[in-house]
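Colleague: Residue-level listing of the chains:
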Amino acid sequence: MFQATMKKFLAGAAICALMSTAAFAEVVLQRGSAADPESLDPHKTSTTYEADILRDLFTGLMAQDIDAKVIPGAAESYVMSPDGKTYTFKLRADGKWSDGSPVTAQDFVFSWQRVVNSETASEYAYMLAPVVNAEDITAKKMKPEELGVKAIDNLTFEVQLRAPTPYFLEMLTHQATYAVSKANVEANPKDFTKPGKMISNGAYILAEFVPNDHIKLVKNAQFFDAANVKIDAVNYIPNEDRSAAMKRFEAGELDMYGDLPTEQLADLRAKFGDQIKIGPYLGTYYYAFKTTKKPWDNVKLRQAISMAVDRDYLAEKVWGNSMIPSYSFVPPGVAGYEGPKLEYAGMSQLDREDAAKKVLTELGYTPEKPLKMEIRFNTSENHKNVAIAIQSQLKPLGIEVTLLNTDTKTHYGLLEQHGDFDIARAAWIADYKDPENFLALCKTGTGNNYAEYSNKDYDALLAKAAAEADPTARMKDLSDAEAIGVTRDACVVPLLYYSSHNIISPKVKGWNMNVMDSHPTRWMSKE
Amino acid sequence: MLRYVLQRFLTAIPTLFIILALSFLLMRIAPGGPFNQEKGLNPIIKANLEKLYRLDQPIWNQFTDYVWNLLHGDFGPSYNLPDFTVAEILSNGLKVSILLGLVALTCALVFGGILGIIAALNQNRSADYAVVATATAGSTIPTFVIAPLFQLIFALGLKWFPVGGWTGGGWKVMVGPVIVLMLPQLAIVARLMRGAMIESLRAHHIRTARAMGLSDFSIIVRHALRSALLPIVSYAGPAAAALVTGSIIVETIFAIPGIGRYFVDAALNRDYTLVMGTVVVIAVFTIVFNLIVDLLYAVLDPRVRYD
Amino acid sequence: MWSSYYLIFMALICIAGPWFAPHNFDTIFENYNRVPPSFEAYPKADKIEEALKDAVKAARVEYGGFEEKDGKIFVTLTSPKPIDERVTRYIDRSDSFEGATVTQKSADGLKLIVSTTVKKEYFYFGTDISGRDLLTRTLIAGRVSLAIGLLAGLVAVFIGVLYGATSGLIGGKTDEVMMRVVDILYALPFTFFVIMLVVFFGRNFLLMFFAVGCVMWLDMARIVRGQALSIRRQEYVQAAEALGVKSGGILLRHVVPNLLGPVVIYMTLLVPQVIILESFLSYLGLGVQEPMSSWGVLISQGARNIPYANWLLLFPSLFLTSTLFALNFIGDGLRDALDPKDR
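Protein chains in written order, with our numbering: chain X, 2 to 528; chain F, 249 to 555; chain P, 7 to 349.
Since the hints were made in silico from the structure, they are not lab data. Just so you know, even glycine gets a beta-carbon here, dropped at the ideal spot from N, CA and C. Among the clues, some could well be false.
As the list claims (entries may be wrong) - A partial selection of chain F residues facing chain X, derived with a Cβ cut-off under 10 Å:
1. Gly288
2. Lys299
3. Leu300
4. Gln305
5. Thr312
6. Asp313
7. Tyr314
8. Pro330
9. Asn517
As the list claims (entries may be wrong) - Cross-link-like lysine-lysine pairs, in silico, BS3-like; alpha carbons within 30 Å at most:
10. X:Lys318 - X:Lys231
11. F:Lys294 - X:Lys144
12. P:Lys117 - X:Lys396
13. X:Lys151 - X:Lys183
14. X:Lys278 - F:Lys294
15. F:Lys287 - X:Lys465
16. P:Lys126 - X:Lys358
17. X:Lys142 - X:Lys183
18. X:Lys91 - X:Lys198
19. F:Lys407 - X:Lys151
20. X:Lys301 - X:Lys198
21. F:Lys294 - X:Lys444
22. F:Lys407 - X:Lys142
23. X:Lys527 - X:Lys231
Unchecked claim - Computed spacing ranges between beta-carbons, pair by pair:
24. X:Gly446 - P:Glu46: 56 to 66 Å
25. P:Phe207 - F:Leu347: 33 to 43 Å
26. X:Gly420 - P:Tyr11: 25 to 35 Å
27. X:Pro296 - P:Asn30: 26 to 36 Å
28. P:Phe207 - X:Asp84: 56 to 66 Å
29. F:Gly405 - P:Tyr11: 48 to 58 Å
30. F:Leu347 - X:Glu147: 45 to 55 Å
31. F:Thr312 - X:Thr445: 37 to 47 Å
32. F:Leu406 - P:Ala17: 34 to 44 Å
33. P:Glu55 - X:Ile72: 36 to 46 Å
34. X:Thr445 - F:Ile261: 46 to 56 Å
35. P:Arg66 - X:Ser526: 41 to 51 Å
In isolation and in its complexed conformation, chain X is listed as follows:
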């Protein structure tokens, strides 16, 4: 009797032990982020929070390695025509969707037509703008079928570009260019992004999605490189409150977090040391004058104010060295681009203030007869602190600065409709590594040209660059354009370059800092 019980007990214990080792063997990565993705439909995303999760779920024609270099993804090779306008991609023969069906060129044709289709209303439709007819289709002047893409056979995908586009391969790593399974989207047009319904071709498949709680991805056995994927499951956990996220990280509830509370940075550095990862990032934090309004239409005045702002102070004291003082619109890190810097970049702060004061006095502004200026910014602790600092920096020059913060939608609503303001805060994070992505913001008539800057030479240089086949000459044109629009005319006042902010537990390996802040789980492992 006793022995029988004992046997049962032992057997039970053995099963328990087995199960627990099995459970232990599963490596789960807890990835914290500041927000949920807006959508898991790769063609409907619009924020940076979707990027990594979609890189895990899908594989575009091109993928990114651990350092965000472009490597073959769903395409194993490609051929570019001599004029740079036709790309022919050879899809990998072992490329499969998570349901086991092959990834075909037809899927890519379907997906790309879907992206540019006006009925999809994809916010990133412009990522395919270099493709023949893409913009006309989005503007409903043409049918989606007229897009310059074609499936030559099941595994050969051909793309016609309007002009040679050196950054085209780079764009293919962006989620807007990923393929979705044609069969699946046609079968489940409304809920193919739901767990259980989603079919993807990346290293992971979607298992659970509870908004504001977690998104669970599990390893995709059908992925062509599944053998090298070391992490079995990833939980993407949104944590809006950055301070609370630091506590969760400290408590071990998160293995990594993709943001930092910058106001605590000095203390966090002291506490977490090199677990804090701050690196260059392709983004610029800038102020824009309303250049069509008096007195801001005066270039001299704009330059004087820009000159007087102490960017080192902003970077060091306001952002705790998590941003970099910026004297150009296009951030460093774009290969092949040598952009001009603002003339006073090398001047000492005092000389700059003296020079600025001189200009202001010439224009008739003195502390007795101050210039009034209102800084508009969208609600955020850091934007507020930047504005406060600039307010106090401009005070000795006889500029009376008032601050006005409004919620994000009001702020950008006003800017977009070209409403009334003096100077306003804005920012741009690059979608792909190319100066054009920034410089287009000063082009006449662009929706994002909040300054309403307009200059024929500038527009002409951008147009010339767009048609230029030679990459070096193209970069030269863009650099000349920046010299006119930003350096000479201050169409924007660049203040800071963004940095990527991450905190990574030492348990996580295979995480490398890179300028795109791209970190597919595929390369990571956890001890």
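Place chains F and P on chain X using the hints.
Modeller: For chains F and P alone, coordinates are given in the frame of chain X:
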């Protein structure tokens, strides 16, 4: 009674309609729209989006469409979370928020009530002061201070509870949010209870009961408490509606997938359909809880009758 | 009693305090971001060298040590290029020094000795993230918070009592209709409404809270109406009615005194509620415009900085909590004093 309830439900329909119309209008005259963002959109793409969500229609048509769909149980799609319908978002969030809210409310009523009675029975003695002081402290410290302090002390320091999260955390994840949600309510309940209890202990029928030699306990429970409950009940209705519809502060700090943050986020994001969804939810809850309060009033106070 | 003295004291120091405080509420001390509170003057003795080095670094010359004599500081500067004498401005620019003058200059101009005096600054409450004196800011913030609380509270009580009493006393169909209106307004989501108000009135915070007060009267109206209903059914009121006392008389003699208790309690709950609501908006980043501040704004900044810069949370919280405490106790005191049954 039944007729009264029915009648209330009938009057709730125009109420809801007026609220919907008001909110719709208010939201639409607010500057900015759902597709204004830091990464500004190309006007063509924005126009496509607006067409997709029928925002290019005249506002009156949009409103009638919305109401028509609503009558068919369709809350519409969310603009900022296009993977989900508003109904899915709200029902996901409500499950969590109702649970948290009801637990917090029950705790607040029970503990607050007991504290209030203790204070009332010891009026102007040290126990009274102690209760009032503690209760007051709970309501004077903003929740966004209590919550991180709780995390620091009980989660990071003592490691009794997780810092945040919801799924897979068991009952332990609830402790922090419940305490933080409960504290301000607890204070108010305790103070209301104390005040009402003191009042009702002075009433004639209690004095009579005392004079007749009834025990303190039976006086409190059977007589005084009954009338003292009135202000609590009228407070608990709106409080319940507020609690079960979540709190953005608790939810963001503890990373809880409740409904509360949508009230703020949707309004700030101009996610019109989600805003309307939250408006409907809160309106329905308020109407229902108010009805419950009025019915309880009739039960507790025989002088109030609804015929 | 002590509570009301405290409240008066608080109001006085918030109104008058900023004039006597050592700094302006919007002056930024660039060298003193987030310094902890101290009764000692800044810069601390051991930080003088660091401050000098910082100032010299900004001037792009090399620092060659300093000595202190007769309360003056003599700094040696060197550089491979001749030094511009304007370099003294960099030292004056630092918040720690003033009156920098060149006392000695080497023949080749590569070495300079500059004398300067240490400028003492007192930050009894420390400074905030931008380097502003927290003491002055706390006081200024108090003005805003108290004004907001009082304004919205009074508006709410005024409307609420008037509305509730009317509804409860008239009764019948009028009561029915009036309460339906309250129900409708009640069911309007408050957070949404307030956020929309911020969007509209964001520039003028007082105006916004006037509007908030116009919505917060609902609870008051319900409570007053409930009381009025039950008072109206009291025997003595019915007796008075039967005796032919006019309804105005009943209102004054019987209803108002009976209502005072709950109204006062509610008012003392309401003012703190408004102040807390304001802090909630500040937490969302929708608080008063800089450089003005309120306790809510300061506390929400402080809450973001724990566990590191705790004074940013501690001082404004102490002010807010103690004030709300006092308000609550005054409410209790008044309630006891006004209770008609105690007379």
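Colleague: Does each hint fit the structure? Answer for all of them.
Modeller: Now for the hints, and whether the structure bears them out:
A cut of 10 Å between beta carbons decides the hint on Gly288 (chain F): the least distance to chain X is about 4 Å, and the hint holds. With a cut of 10 Å, the hint placing Lys299 (chain F) at the interface with chain X holds, because the nearest CB-to-CB distance is about 7 Å. Annotation: interface hint on Leu300 (chain F) holds; nearest CB of chain X at approximately 4 Å, less than 10 Å. Residue-level restraint check for Gln305 (chain F) is violated (minimum Cβ-Cβ distance to chain X is 15 Å; threshold 10 Å).
For Thr312 (chain F), the interface hint is violated, since its Cβ never comes within 10 Å of a Cβ in chain X; the closest pair sits about 23 Å apart. Given hint, Asp313 (chain F) at the interface with chain X, is violated; its Cβ is 18 Å from that chain's nearest Cβ, farther than 10 Å. The interface hint given for Tyr314 (chain F) is violated, since its Cβ lies 19 Å from the closest Cβ of chain X, which is over the 10 Å cut-off. A cut of 10 Å between beta carbons decides the hint on Pro330 (chain F): the least distance to chain X is about 5 Å, and the hint holds.
Annotation: interface hint on Asn517 (chain F) holds; nearest CB of chain X at approximately 7 Å, less than 10 Å. The suggested pairing of Lys318 (chain X) with Lys231 (chain X) is violated, with an alpha-carbon distance near 40 Å, which exceeds 30 Å. Pair hint Lys294 (chain F) plus Lys144 (chain X) holds up; C-alpha atoms about 19 Å apart against a cutoff of 30 Å. Between Lys117 (chain P) and Lys396 (chain X), the direct Cα distance comes to roughly 33 Å. Violation of the 30 Å bound is thereby established for this hinted pair.
At roughly 15 Å between alpha-carbon atoms, Lys151 (chain X) and Lys183 (chain X) fall within 30 Å of each other, so this suggested pair holds. Note on Lys278 (chain X) and Lys294 (chain F): the hinted pairing is violated, with a Cα-Cα distance of about 36 Å set against a maximum of 30 Å. Simply put, Lys287 (chain F) and Lys465 (chain X) have alpha-carbon atoms about 25 Å apart, close enough for the 30 Å limit, and the pair holds. Between Lys126 (chain P) and Lys358 (chain X) the CA atoms are separated by roughly 29 Å; this keeps the pair inside 30 Å, and the hint holds.
Our distance criterion of 30 Å between C-alpha atoms is met by Lys142 (chain X) and Lys183 (chain X), whose separation comes to about 24 Å. Of the pairs offered as hints, the one joining Lys91 (chain X) and Lys198 (chain X) holds, with about 28 Å between alpha carbons and a cut-off of 30 Å not exceeded. Restraint check for Lys407 (chain F) and Lys151 (chain X): not satisfied, since their Cα atoms lie roughly 59 Å apart, outside the 30 Å limit. Between the alpha carbons of Lys301 (chain X) and Lys198 (chain X) the distance comes to roughly 59 Å, so the proposed pair goes past 30 Å and is violated.
Under the criterion of a C-alpha separation no larger than 30 Å, the hint pairing Lys294 (chain F) with Lys444 (chain X) is consistent with the structure, at around 19 Å. The suggested pairing of Lys407 (chain F) with Lys142 (chain X) is violated, with an alpha-carbon distance near 62 Å, which exceeds 30 Å. Taking the CA atoms of Lys527 (chain X) and Lys231 (chain X), the gap is near 8 Å; set against the 30 Å cutoff, the hint holds. Taking 56 to 66 Å as the suggested C-beta distance range, the pair Gly446 (chain X) and Glu46 (chain P) conforms, at roughly 60 Å.
At about 36 Å, the CB distance of Phe207 (chain P) to Leu347 (chain F) agrees with the hint of 33 to 43 Å. Hint check: Gly420 (chain X) to Tyr11 (chain P), Cβ distance near 50 Å, so the stated range 25 to 35 Å is violated. At roughly 28 Å, the beta carbons of Pro296 (chain X) and Asn30 (chain P) sit within the given window of 26 to 36 Å. Checking the proposed 56 to 66 Å range against Phe207 (chain P) and Asp84 (chain X) shows it holds: the Cβ atoms sit about 59 Å from each other.
For the pair Gly405 (chain F) and Tyr11 (chain P), the beta carbons lie near 38 Å from each other, so the given range of 48 to 58 Å is not met. Range check, Leu347 (chain F) to Glu147 (chain X): about 53 Å between beta-carbon atoms, so the 45 to 55 Å window is met. In this structure, Thr312 (chain F) and Thr445 (chain X) meet the distance hint of 37 to 47 Å, their C-beta atoms being roughly 41 Å apart. For Leu406 (chain F) and Ala17 (chain P), the Cβ-Cβ distance of about 40 Å falls inside the hinted range of 34 to 44 Å, so the restraint holds.
The hinted range of 36 to 46 Å is not satisfied by Glu55 (chain P) and Ile72 (chain X), whose Cβ atoms lie roughly 52 Å apart. Distance hint check: the CB atoms of Thr445 (chain X) and Ile261 (chain F) are about 54 Å apart, consistent with the given range 46 to 56 Å. Remark: the range hint 41 to 51 Å for Arg66 (chain P) to Ser526 (chain X) is upheld by a beta-carbon distance near 46 Å.
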